[in-house]
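Peer 1: Listed here are the chains, written in short residue letters.
Protein chains: 4
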Amino acid sequence: MSELFNLQLSDEFVPTLELVKRFIEKEIAPLEEEFHHTPNKDDIWTLSDRQSEIIEGLKAKAREQGLWNFFLPDWNGEGVSNLDYAYLAQEMGKSFIAPEVFNCAAPDTGNMEVLAKYGSPEQQKQWLEPLLAGEIRSAYAMTEPNIASSDAKNISTTAVLENGEWVINGEKFYISGAGDSRCAIMIVMVQTNPDPDAPMYLRQSQILVPMDNPGVEVLGPMHVFGNPDAPHGHMHLKFDNCRVPESNILLGEGRGFEISQGRLGPGRIHHCMRALGQAELALELMIKRGLSREAFGKPLIKLGGNFDLVANSRIEIDSCRLMVLQAAKAMDLLGNKEARIYISAIKAMVPKITGEIIDRAIQMYGGTGVSQWTPLASMYTGNRTLRLADGPDEVHRMVVARAEIQKYS
Amino acid sequence: MSELFNLQLSDEFVPTLELVKRFIEKEIAPLEEEFHHTPNKDDIWTLSDRQSEIIEGLKAKAREQGLWNFFLPDWNGEGVSNLDYAYLAQEMGKSFIAPEVFNCAAPDTGNMEVLAKYGSPEQQKQWLEPLLAGEIRSAYAMTEPNIASSDAKNISTTAVLENGEWVINGEKFYISGAGDSRCAIMIVMVQTNPDPDAPMYLRQSQILVPMDNPGVEVLGPMHVFGNPDAPHGHMHLKFDNCRVPESNILLGEGRGFEISQGRLGPGRIHHCMRALGQAELALELMIKRGLSREAFGKPLIKLGGNFDLVANSRIEIDSCRLMVLQAAKAMDLLGNKEARIYISAIKAMVPKITGEIIDRAIQMYGGTGVSQWTPLASMYTGNRTLRLADGPDEVHRMVVARAEIQKYS
Amino acid sequence: MSELFNLQLSDEFVPTLELVKRFIEKEIAPLEEEFHHTPNKDDIWTLSDRQSEIIEGLKAKAREQGLWNFFLPDWNGEGVSNLDYAYLAQEMGKSFIAPEVFNCAAPDTGNMEVLAKYGSPEQQKQWLEPLLAGEIRSAYAMTEPNIASSDAKNISTTAVLENGEWVINGEKFYISGAGDSRCAIMIVMVQTNPDPDAPMYLRQSQILVPMDNPGVEVLGPMHVFGNPDAPHGHMHLKFDNCRVPESNILLGEGRGFEISQGRLGPGRIHHCMRALGQAELALELMIKRGLSREAFGKPLIKLGGNFDLVANSRIEIDSCRLMVLQAAKAMDLLGNKEARIYISAIKAMVPKITGEIIDRAIQMYGGTGVSQWTPLASMYTGNRTLRLADGPDEVHRMVVARAEIQKYS
Amino acid sequence: MSELFNLQLSDEFVPTLELVKRFIEKEIAPLEEEFHHTPNKDDIWTLSDRQSEIIEGLKAKAREQGLWNFFLPDWNGEGVSNLDYAYLAQEMGKSFIAPEVFNCAAPDTGNMEVLAKYGSPEQQKQWLEPLLAGEIRSAYAMTEPNIASSDAKNISTTAVLENGEWVINGEKFYISGAGDSRCAIMIVMVQTNPDPDAPMYLRQSQILVPMDNPGVEVLGPMHVFGNPDAPHGHMHLKFDNCRVPESNILLGEGRGFEISQGRLGPGRIHHCMRALGQAELALELMIKRGLSREAFGKPLIKLGGNFDLVANSRIEIDSCRLMVLQAAKAMDLLGNKEARIYISAIKAMVPKITGEIIDRAIQMYGGTGVSQWTPLASMYTGNRTLRLADGPDEVHRMVVARAEIQKYS
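Residue numbers (the numbering used here), protein chains in the order written: chain A, 1 to 409; chain B, 1 to 409; chain C, 1 to 409; chain D, 1 to 409.
Worth double-checking, as some hints may not be accurate.
Identical copies carry no separate label here, and so any pair may be met within one copy or between two of them.
To be verified - Once the Cα atoms are required to be at most 30 Å apart in a straight line, the calculated DSSO-like pairs of lysine-lysine come out as:
no. : residue 1 : residue 2
1   : K407      : K352
2   : K238      : K407
3   : K21       : K352
4   : K288      : K407
5   : K59       : K238
6   : K407      : K302
7   : K21       : K61
8   : K59       : K117
9   : K337      : K302
10  : K407      : K26
11  : K407      : K41
12  : K302      : K288
Since the hints were derived computationally from the structure, they do not count as laboratory data.
If we strip away everything but chain A, and leave its shape as in the complex, we get:
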């Protein structure tokens, strides 16, 4: 299908892209460092007053300018195509707080999409509306500590219907965003059919669980390379006879896998888009540092194999960008399901390459590259984690390989 190769930003979004770039540069960048350096010392899971002031101020300004909720491809006519969104997300990836400022931060984006697509009118009113307004935040509880969760049928958290309520028991971990005190709602993947002989992909359901439900116990934050990543947090949760109304189920019993299929595509591609922005930032930092420091009588950038590293980084970033754009286009043209091979391809490709580029930038900085003085250290660990989140590279390569081999079988 030759249209799959038209990866051009649509004309109407050319000015939007410019606005987003300028907003990040003029509005967000000047406040970013202050945001990170004014945490709430008493309660790391709650923004400090200054942090709230910064983020809410930026959100209000962004919303006013219509730079808001870009991610929704087909809801209420406000949305953008995946292709156009890819261009925007790349830019947002250059800042840690930009995604939230434009109300385009994970996992809220995925949750909003799910609610928009599959939520009942009541569910949408209660949770989707405040999410779209940026008033609350949300989490998505899928990964479990005791199983290889890349195989969905391993899900072991159970939900049983008792007296018009779902009773949920089990453990989840790495539940991103569940630490933030603004997180109000969580979508939980559960097993609702215990029969091992039932069709494997009809045994799971997704259920809405408010964070303040007394059956939800926060066992603690999972660290990411030693950091609790507050206030966001990747929490370890226990569901202990956690009860929610029957109506909290999304779409219907046994349709959890179906929902997650629709959800994971965009989530994965958004990660890759933002990763591209990070790679661009890393390359820029690497070159600037290499130009400004000298050793052995030359700027570092001219020493040894550094030219090769710069060239390879540029070539790799451009390759990744085109692949990400094409995956986005495939989602637009073929739908999330048909596009899954494209998405797996970039999920296996982009974070790996991005990580190598950040690694090179660190090497150019020396010790400073792993310190709190540059964003590289958190880019490095964050990006490393991305190779595991939403399916490890290995599983995505398997998806791509199977499809390829299938052509000749």
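With chain A fixed as given, assemble chains B, C and D onto it according to the hints.
Peer 2: Just chains B, C and D now, with coordinates in the frame of chain A:
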């Protein structure tokens, strides 16, 4: 420039691409093996009668169907854009003789472009017309044995004007196509200004030298991994007081570098396009072999890391394709000169990756993979050579790096 | 020199190696987790009571068994050869606290060697004896924030002799161990000759500065991928008219570079030895995890390319081990200076490969691999830092390349 | 076992190693080019008179000096340990004809070992003696065209006992050395027990077949990257009711697998040893070329990432050498069977790395690197083939991985 991301085949070439694919599959493929296995045993530099019959028959048929001289982007209105040509060239890359069948083989393509762009009417009549008609073949003599020719100012073959004739002296090697007895004309890069203080890029000229000029001595074929690559041949030539009329110069004295700049872009990109076709072929062969052989109770394709190799190959080919298409688009939009960074990027990227994919296919075949029983062995050595031809990878990475660093200097 | 290939542990150390292994396994391992999980919450730079109890208990026991101060190759007849030490250090590398338990932790080892070799009797009495007894700890202040410190002549912290005192001014950062409240003494690399025309390697000196000197200001801890790495700490220090007696200089004015040459060899090789232990641990963890988790009906270890990863890891670890042992042997046979090519070779090789092996283990663990539940996360970031500490890989490759090219020049 | 780390050349072989080095340098090197450039034009499978003169002259001289048949570790007290042989083989690897000059060329070495170990006195008299004397040459026929021969139980060439004769039917290919007109004898791996339920490793036998047996049909030479590799040749053979006396079986019916296990170890390790010599040669050529050519105002060796390539090559060669030496030591200490993990490790490691180093040298040479003007082109293709010969890398990695995982199962 957002148009740089529209990499779609133009509508009018959709049927042409189909015709080319089908022609290769139906007309060329059935004769390809016979062509390679009926060489002229008495004179390896001349096609055997059967080879002539095959190639001329195919050429006539292709020309009849209008599948001819695609490469010329802007000559006589017959040409195609670089982008559209990229799609065609990929397909031609899957067959060793297809490029010649469609009169799109190197180095004739480059020579025809140069003659079309810079040749005088007389030069065009004498040499361009028979080339466009596929009646003769040609060579391009640039590389020299005793210098690092990636640095153009190293050119040491000289031409001196004496009595209305250029007198050429020096050695050239790896002159591809100069072995073929049908090769009638050669464009030779010479130094015409011996003054070392003259502007470095105005000291070279390009001169037309008929192959049968008595001053041209063929010292012998350069081997490529042990093969003379007959009848094409990569000849080692000596110019010994070789005399040609003053009018044989192209464009004018001192403009040799300018011509080569215009020429090398398309040459490099055509190589990369065909390499992509080879990579696709290698992946196909690898999978088919992996499905058809068993060891340890399983088809080879399911053993060890083979799934990863298939996935990585698919991802890499798709990345290379998009990069090549974008470089072609850049040539269409920006011109050869402005597009040179894009071209260097793919020249440094594509043959390297293609080589790795062919390597994987060989590994799946075992000994057969290096034998005469599959095309993989000659794909492997041919592709390896491509990392040196038209500038080694190192020089192309330097071009990309410089441009990138320039942004911040 | 054929003896360079005898890498066998000396017979007398065969039982010692066994004792060390057993001590780590029986005495240290059971307490390691508790040590890490009982920090001092009020003052992260001071061990908690429980931590002190654990570490001092273990140190006493180790010392009693003669497992103490192995590192000193030639001091007081207590020491071991570098080769024998390499075998011991590998084992210590499998535990974070083992090096300290055996009084073999960096940077104390290097400082003790320097004091043993170059210290005056007074300096040895005051600082070396308590260090050898494990009563105090120490730091080594070389790296500076504002220069590329891999080029020693860039050192900008100055020391000027005034009235029988050195007056030191400047900044240092990443001063490892300077956070620990037990750190009592620091060796500081300074420039003592401001004349840019003086011989470049005679302009630096090393001076002893007690941590409690009022001219030493701790600006704060440098983070390592977000962690302050307490209580060890990698401090950012300011010397503000810091005054110490003239006699605090080591060896003599202008001999700082000479001292650091002697010091860096062992320091680098110790890092590599311990890194090997970490790589072995990572491979063990990877396999155990791969055997214990299932997905798609098989243990993870049997999926995809995991066999290849295990094989490559084993091959790479064994290669690194032999190279490290040979570098140690070279130090024993040739001396630190002549052995520097060997040392640079392993410094450029080992942490890079070790990092890749830890990366593979993380990938096998999924999210748990980056969490606080396994040692992999801190192994990963610690090892990444090693590629910068004591000279970045780039500089070490340059050393190896120069020596190699020299052979033919 | 700590002795496994003593990789020192034994004292008695120190002078031998020097003699071998000097013999190659003084006697062989001056004739090597002439040998390669005076082939027999009438019959490529027979040495020309000049070639015979050169090789037989060198052999006589070598034998006279006692530099002969080094490879046999335990035959007649003439042999050397595998470790000492490793040092010698490295040197021989730097010349294409040196192995034959010292009567240490494959596959004769393996065949002689087998005959020495398993041959009957008659077999030894008839075939081993002339082989040890360098009077005839031999081949080993194992690989088959229609199966994945890395799985020994796939062997499909059959031998049936009829009237006191083995009647052999089937096809073999890549039978190295079988092209040479001096090749007199061949050891053929056959299936002698057709029962699929019989123990899998007791169904094969090895049988001596003289090359001039009328049942042996040479279908033609297998090419290696386009070359017939004459006069050695890698022949494609057909056994068409080929009859040999019952007594031609080696060791006994059903013991073919046992014999091949004993044989393959040394064969593989010899390949790796020689590959090391080739890698050293490639690095030397790369540096010399890089020092002698200039571009952009500098010797090539100083451009771009070339220093890194030199450093990495040196580090990798030294790593490979230590690993090869340790594998040889393991064979000496543990026997071929127990040492197989070590051997698989180097077989998966060394040719891959050696290939990369040769590749870098080619890149430094430009076109000349793939031509007949340097040995690099045939080193490149020969080394590539080594990654398939005697088991592809994949199978050797599997062996290493299994043994490693076994430790924890």
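Peer 1: Each hint needs a verdict: does it hold in this structure or not?
Peer 2: Hints and how they fare:
1. Taking the closest pair of Cα atoms, K407 and K352 come within 30 Å of each other both inside a single copy (27 Å) and across two copies (26 Å).
2. For a Cα distance limit of 30 Å, the shortest separation of K238 from K407 qualifies neither inside one copy, at 44 Å, nor across copies, at 36 Å.
3. In this assembly of identical chains, the alpha carbons of K21 and K352 lie at most 30 Å apart only when taken from the same copy (25 Å versus 35 Å across copies).
4. In this homomeric assembly, K288 and K407 come within 30 Å of each other (Cα to Cα) only across copies, at 10 Å, whereas the closest approach inside a single copy is 46 Å.
5. Taking the shortest Cα distances, K59 and K238 never come within 30 Å of each other, neither inside one copy (33 Å) nor across copies (40 Å).
6. In the homo-oligomer, the alpha carbons of K407 and K302 lie at most 30 Å apart only across protomers (15 Å), although the nearest pairing inside one protomer, at 47 Å, exceeds that limit.
7. Taking the shortest alpha-carbon separations for K21 and K61, only the intra-copy value of 14 Å comes in at or below 30 Å, while the best inter-copy value is 54 Å.
8. With identical chains, the CA atoms of K59 and K117 are at most 30 Å apart within one copy only, with a shortest distance of 25 Å there and 57 Å across copies.
9. In this homomeric assembly, K337 and K302 come within 30 Å of each other (Cα to Cα) only across copies, at 25 Å, whereas the closest approach inside a single copy is 47 Å.
10. Taking CA atoms no more than 30 Å apart as the test, K407 paired with K26 passes between copies only; the shortest distance there is 21 Å, against 50 Å inside one copy.
11. Taking identical chains as interchangeable, the C-alpha atoms of K407 and K41 are never at most 30 Å apart, the minima being 57 Å within one chain and 41 Å between chains.
12. Both within a single protomer and between protomers do K302 and K288 lie at most 30 Å apart by alpha-carbon distance, with minima of 12 Å and 23 Å respectively.
In the structure shown, a violation is registered for the earlier hints numbered 2, 5, 11, in ascending order.
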